[in-house]
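These protein sequence lines are chains X and R, in that order. Here the first sequence is numbered in this note's numbering, starting from 1 and rising by one per residue. Here the second sequence is numbered in this note's numbering, starting from 1 and rising by one per residue.
Note that these hints are calculated values from the structure, not bench results. Treat the hints loosely; a few may be bogus.
Distance windows between CB atoms, simulated [to be verified]: (1) Asp54(R) <-> Val470(X): 55 to 61 Å; (2) Phe365(X) <-> Glu310(R): 53 to 59 Å; (3) Asp127(R) <-> Ile523(X): 48 to 54 Å; (4) Gly176(R) <-> Asp417(X): 44 to 50 Å; (5) Trp160(R) <-> Ala37(X): 53 to 59 Å.
Backbone N, C-alpha and C fix where the C-beta goes; we use that ideal spot for every residue, glycine too.
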Amino acid sequence: MSTSTLERPAAGGGTHRDPELSGSPALATLRRHWRAASLLGVLVVWVVAWAIFKDQYTLVIGGSARTPVFDWLGDRSAWVEQAASNGSNPFINLAGAIADLVDSVFGWLQSLFTVAHFPRPLPQIGWLGTIAVAALVAYAAAGWRTLALVVPCFLAFGVLGYWNDAVDLLIVTFFAVVVSCLVGIAIGVLMAHSRRVSAFVTPILDVMQTMPPFVYLLPMSILFGIGPAAAVMMTLIYAAPPVIRITAHGIRSVSGPVIEATDSLGQTGLQRLWNVELPMAKRTIIAGINQTMMAALSMATIAAYIDSPGLGQPVLDGLKRGQLGTSFVAGIAIVIMAVMLDRSMTAAGFRAELAARAGERGGPFRRVGLAVATVGTLVALYLSHNYIWANEFPAQPDLGTPLRNAVDRFGEWLRTDLSHLTDGIQRGFTDYGLNPIQSLFADSPWFVTAAAILAIAAVVGGRRAAVATVLCLGMILGLGLWNHAMETLTACIVATVAVVVLAVVLGVLMGRSNRVDVGLRPILDMGQTLPPFVYLVPILILFGPNRFTAMLAGVVYAAPVAIKLVADGIRAVSPNTIEAAEMAGSSTWQMITKVQLPMARSSVLLATNQGLLYVLSMVVIGGMAGAGALGFDVVTGFRQSSAVGRGLAAGITIVLIGIMLDRITTYGAQRASATSPDSRA
Amino acid sequence: MFHIPIPRGNSMELKRPRTVAAALAGLGLAVTLTGCGGGSIQNATSESDTKCDDDLNVAINPWVGYEADAHVLGYVAENRLGCKVNYKDLDEQVSWKGFGSGEVDVVVENWGHPELQKKYMADQGGDGSAVDFGSTGNEGVIGWYVPPWMAEKYPDITDWKNLNKYASLFKTTESGDKGTLYDGDPGFVTNDEALVSNLKLDYKVVYAGSETALIEAFRDAEKNKKPMLGYFYEPQWFLSEVPLVKVDLPEYKDGCDADAAKVACDYPVYDLNKVVSKEFADSKSPAVDLVKNFTWTNEDQNLVAKYIAEDQMDPDEAAKKWVDDNQDKVDAWLKD
């Protein structure tokens, strides 16, 4: 997968940089030094204040403590549940009606593909028919190369032993993506045309993307019942923002002259949208749909917590039963699905573009091909409907069992041969790296930490970042989980530093060598699409339940995106510049540090921003691996009815941390780019 | 006959007369092919034994022992009573909520949950959507456990009074200069923070965060002889892999846990029970009596749980195996 299709847009959505450069290089250098000096100053004052006031006013609260804010939030949730059960609120009834509709359509689709309905012993269309339909769609929409990808992928689902779960997950994803697109493209168009709509919708999208899904598991199951509808809605919340943002971006960037030229022909606004804007933004919108699809797939495991059908269930089963192999095999099936959907969608995007240019549907060869494919599909459907062998996926060959056993043996090996070696690493890192920093954040009085964060925000990101920071910190304070928020913030910052270091090292290697790139990219693709629960367990085996394990899982999750961004940035440095530097006799080291990295600076900054947000989205899973703090609070809110309010408060706090970090890094990146010299070669 | 749906995206192709003709020809070919193929799909003949009109919706709470109960019950309902059983992977909180909406009929292993009882059981002041359906016969034990090697090496460690003596053994990066007491999933019943402070123990409760994390930590502790003290419970399949040893806390006496903040005694033995929805309890389904009569022992559950977790059997096969081996117990559940 290319970076562009998998990277999530920054929560702030404001990663565009102003190209304007400030006056003279000398002034810029001065300003940079001034900034570094002020940061150092802030740090010194902070450490001194920490040394004097340590452990006072830290706002620590007990694990089962309740506050008026928690109670208030808990009451809101109870109220919704009440209204849902007695049908007194029209909006909640509407949600119920939507749920019924989705459930019935979903049930119908399942009876076609995966679930037998009495008196028929098998679903209407079994594996052969399903594969044939998928192949036909792939061929019609994207060509035969995609067909050659889709069919083996589908066969792999069956051979791994998860045919039904895979098709169920496809149905959930399909549903969520279709609804996301119907609603999302419309909203995106409105956003592109109205600043006011845009200003209203953007913060909502920010919240949708940073709110941990565990927080809305319970509300969704209250509103939409227990069943596929709740799962689809869950997925929708997380998956819709990319297509909305990217549609808006695509329509906004349709060139002015084209619009003026067509306007001069006297078209109405609707005609312009339909005939000019949407077709010209088509490619971008398809990229948005692709991102939405990937986001939807990444919800598979979490949605399985409220019985969403699909591959998430075997992943959780493996977790519950302590079977590493089971989770892994199901996880691999999800990876295969992600790769399949991503590549097919990209190919379909290309094809749409080609078709639009050529203006025709392809030559006679294609027409014959389509006819043959259609006939073949009908035959396959017929066979699949009528014969057991074409309906039930054969039990042999079975790749799932040997793979599962191999992974289980691998786990055993980690446990016996490696586990005792890793303790030192965990201990050293926690004692000398994490603990001192956490103490600075969490053991300083709250006003000292708040002032320090605000000062850093102001120095790095300027006035706008400072305003956002004040608002976010104020609300975090009000929600009553300050101490946990600081622990989580520390872990995020430390993990992000690790991510950026990894990204720069591996990104430079990949950017400079094709061979490294080809070797690493599939691993990175897998890292991005494998459900985090799958690699959480091996990390747990190695390092035990603690903050280090949780951070490591966050780093594994966030690093691929960051590495790809840096690699692409390095690659984009113009060959002319490289050549000039070579002529001037720079060594490899000079080339990297003085030419490539400075020129790829904006990519590194973007990688930092994305790294932070990805790490933050792992906080809850970290809470399930011993990190405590906000992540644990969120899980507790889902698991215990007496802690619902606390869970909500923790979820909102995570959103606020996300928005704050995003604003600081985004504005900081803008300022850094604005003041950086063009080239220092 | 069943209608074959054609994906909408391709309807354009099908409008072409030539394609349609080709398609029909293809279908004809397929029809002639059917003449020689075996194994065609037959509809089930109408069941004579249609005692069970409604589906039985069984919640699956997230631990293996629960799964064992649910699948054995479900297997019997399906094969002896002809019910269609739907298993729903849900948390306790969500499961109980499902009683009212009719989405969940049965929770097969309930660990107390006074807060949920208050919300949903009529005699506790709730809305009456949940009904207690009696014991499963399983006894739930909660407590603090150490890996077997520790109990062997430090025999007196199983008395809580000696825990402070050994606190330094249990020091980790997460507990500063105190010993670590690991707790698991936030959903599980626990008084551990209060216990530690009320018993004046030199320990800090560290949340491993999930059952998986706790089990992996205990495995590691036994295998690599690392000290570990943690919350655990019985019946639990993992105890057959690593027989953890329970630490004795001050004995439980009725009412000693009344005030959660002042608890200084062991956990009570939980009589694990079944909870069903009011709607199901009042229904004429033959499964009502089955659920009411269902009881077995901790050994039974551990055996089925072991089939599922360690032997990696499919839960339904595990249930079948146990049911086949224990016909007499199953027959007792089905007697009116």
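Results for each hint:
1. For Asp54(R) paired with Val470(X), a C-beta distance near 58 Å keeps the hint of 55 to 61 Å intact.
2. About 57 Å separates the C-beta atoms of Phe365(X) and Glu310(R), a value consistent with the hinted range of 53 to 59 Å.
3. Checked against the hint of 48 to 54 Å, the pair Asp127(R) and Ile523(X) passes, with Cβ atoms roughly 52 Å apart.
4. Against the hinted window of 44 to 50 Å, the Cβ-Cβ separation of Gly176(R) and Asp417(X) comes to about 31 Å, which falls outside the hint.
5. In this structure the supplied range 53 to 59 Å holds for Trp160(R) paired with Ala37(X), their Cβ-Cβ distance being about 56 Å.
Hint check: a violation occurs at hint 4 only; the rest are consistent with the structure.
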